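Student: Residue numbers (our numbering), protein chains in the order written: chain A, 93 to 501; chain B, 93 to 501.
Derived by calculation from the structure, the hints in this document are not laboratory data. Quick caveat: nothing in here was measured; it's all calculated off a predicted structure. Among the hints, a few may not be true.
Which copy is meant is left open, because identical chains are indistinguishable; a pair holds if it fits in one copy or across any two.
As the list claims (entries may be wrong) - No more than 20 angstroms apart at the CA atoms, straight line, and that leaves these computed lysine to aspartate or glutamate pairs for EDC-like:
1) K110 with D144
2) K284 with E392
3) K485 with D497
4) K110 with D151
2 protein chains.
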Amino acid sequence: MGLIVQKFGGTSLANAEKIHRAARRAIRAQLDDNRVVVVVSAMDKTTDELVDLAYQITDRPSRREMDQLLATGEQISIALMAMAIHHAGHDAISLTGGQIGLRTDRAFGRARIREITERGRILSQLKQGSIVIVAGFQGVDEALNITTLGRGGSDTTAVALAASLGADVCEIYTDVDGIYSADPRIVPGARKLNFVFYDEMLELASLGAQVMHSRSIELGKNYDVTIHVRSSYTDAKGTDIVKVSSDLEQVIVRGAALKKDLARVELVGVPNRPGLASEIFSQVAKRGVIVDDIIQVVHEGGATADMSFTIEAADKEQAEVAGAELGKELTGMRMIIKENLAKVSVVGVGMRTHTGVASRMFEALHQADVNIENISTSEIVVSCVVKAVDGEKALRAVHAAFELDQESK
Amino acid sequence: MGLIVQKFGGTSLANAEKIHRAARRAIRAQLDDNRVVVVVSAMDKTTDELVDLAYQITDRPSRREMDQLLATGEQISIALMAMAIHHAGHDAISLTGGQIGLRTDRAFGRARIREITERGRILSQLKQGSIVIVAGFQGVDEALNITTLGRGGSDTTAVALAASLGADVCEIYTDVDGIYSADPRIVPGARKLNFVFYDEMLELASLGAQVMHSRSIELGKNYDVTIHVRSSYTDAKGTDIVKVSSDLEQVIVRGAALKKDLARVELVGVPNRPGLASEIFSQVAKRGVIVDDIIQVVHEGGATADMSFTIEAADKEQAEVAGAELGKELTGMRMIIKENLAKVSVVGVGMRTHTGVASRMFEALHQADVNIENISTSEIVVSCVVKAVDGEKALRAVHAAFELDQESK
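Let the hints inform the model, and build the full structure from the sequences given.
Tutor: Following this line, the structure appears as structure tokens:
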């Protein structure tokens, strides 16, 4: 007998019909001889409505009270989901984050999970034949204050539960039917992957694949939880996210990704001194600007350096504020921001043991007449910053060059 | 320094403006040198919306899941109320029924309070200067399942908290400004009472005064909690509900009440035998029919009896079903139902030590040309069943006869 954790997001629970559909999936999994735990998010729009209520009261709601408020969204979902399973004649019980003892720290709005204390209660309900419905996204601190987990919270609850219960698989039901070799809206030949390794998925997530938040993938990796991403609307098999296995040689590049709406910040003629990078990036971080692909070049003689990094275009103004602040300290420094950029990347664990990926990518971009502005590489990623207008063309060229439309052996 | 519990119902919290108004009341009480605990209901309509969601899923929601669902209504209110107090620059913390350790039995939908375990947490927050906002209507059983208290639940939470914390007063904010000597919509001269005794209020509540549910008054009586019923909309003093004090001689009748939409069931020629009443009323209770003012007359010789009792007109059909069922057992019995009745009552603890109340009431009704169908009396109530058309006239006549429009000394 297996044990499955299924997670349904807000769009999969938007109305009574969709809740019944999700309930049928859970029941079917149980009839297929599994014990089933279902993790649910708030119904689509509920969270927005609750946030709106709070902002009708005050423009600066306290984080604690916001969590107290928002947690009701998932509590509504679990009760309705349990009712839907009852309606179909099966046993179910709903449990809040507090009721499963999902203990977190006290960082309201972005709490981290510490442990799940009421594992025994869940297992005992499963043993009695109930489908156990758990509220995602929420927990309690040691004083039983309600906390929420922040972005990707329900996925994180699902993976944490799967880890704690030793589930065979954590199924993430979503509005896409799996992980693709590239965004199929841009690359017509993009192929649904049967599996992807945790590290690859982590890179793809940070490169803009919005299927799952990297936090839950990280957790899955740490506890070796097989995550299966699949569609709420079809029965087609989705994509497994798994640990690296021995067939790792066969595929060098798993997928390609395009991140749009980027800008590049260049700090030119920075007086070079110890602690320079820390000084710059703490200023930038203070403004909430997320940076990527940092390059530093120290000029001959070592008196000055050039520093550059990628930011999201939306953060441009905050970056300028940080730059002006830095200018007071770093005499002679100039800040240049290049806009309308995009980044095309290829990702694959196989790169660890293969060379020539970067050059093959550069060649593909050259053939497609795409100019490369910046290059950055890590162990399993090669990224090229290109002009925004070239982004989609670049992605298609790279996808083709690595034959990502071909079924892997 | 005093300690006040304030309770706001759903209509007093229907929108952001009303929530801010309630918040200002709590703050004002604190500035008047009190520690303040606020108990809130769900915002007006929220409960209806949640019930509607449940019935979109199933026509028979489980009681446990219904409680899990409905409890979110008060949780939303406490968070918003705390935010409103923060917005005004004061400290506040919201706590659910579970967070104050309001332990109940497991009777979902109509749970009884057993104890409040986290009294220390509340007192410590009050000591730190916070206004403590508590979700009414809800608690948890020993396994931390969420339970709700049923009708009058938030009032009951407020009174229980006031008892547990030894509060000076439990203020119930509502859309009327106190308890009246009679319904002022019917009796223009009706007067707001400065106080009323628990037992009188219990009788008035059962006679249709819908200001408070008898359950919370009973609790107040048992723990000697002074309850102050007052308006959410004005600063006028309301009515205290208190224990009987020594000035009890001065007023014989505290108030008069009219209960409309009644019917009278008469069972004629019932074969008299031991256990007869139990047989009849267990059948009636099985149909959910609430009975009042039972009269039994055994005929000469003792072979047959007549039995009659009052029911709400809405229960007529169920009473007929019960009557048909009883007819099979009680050969020769006939059931007659008289409709379009009302009951006028006078209530006063002073009756315990005064005679002549009943005759004065009969005289008043006679003068007003109202015919009396049935009479029933208890220690502090005299009730007369009259024709529905005579109801309001009867109430006014009785109110005048006992000079209830006069200020008591």
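Student: Confirm or reject each hint.
Tutor: Checked hints:
1. K110 with D144: Between. Shortest inter-copy distance 16 angstroms satisfies the 20 angstroms Cα cut-off; intra-copy 24 angstroms does not.
2. K284 with E392: neither (49 angstroms within a copy, 92 angstroms between copies)
3. K485 with D497: Within one copy only: 16 angstroms inside a chain, 88 angstroms across chains, cut-off 20 angstroms.
4. K110 with D151: between (34 angstroms within a copy, 17 angstroms between copies)
In this structure, only the earlier hint numbered 2 is contradicted, and the remaining ones agree with it.
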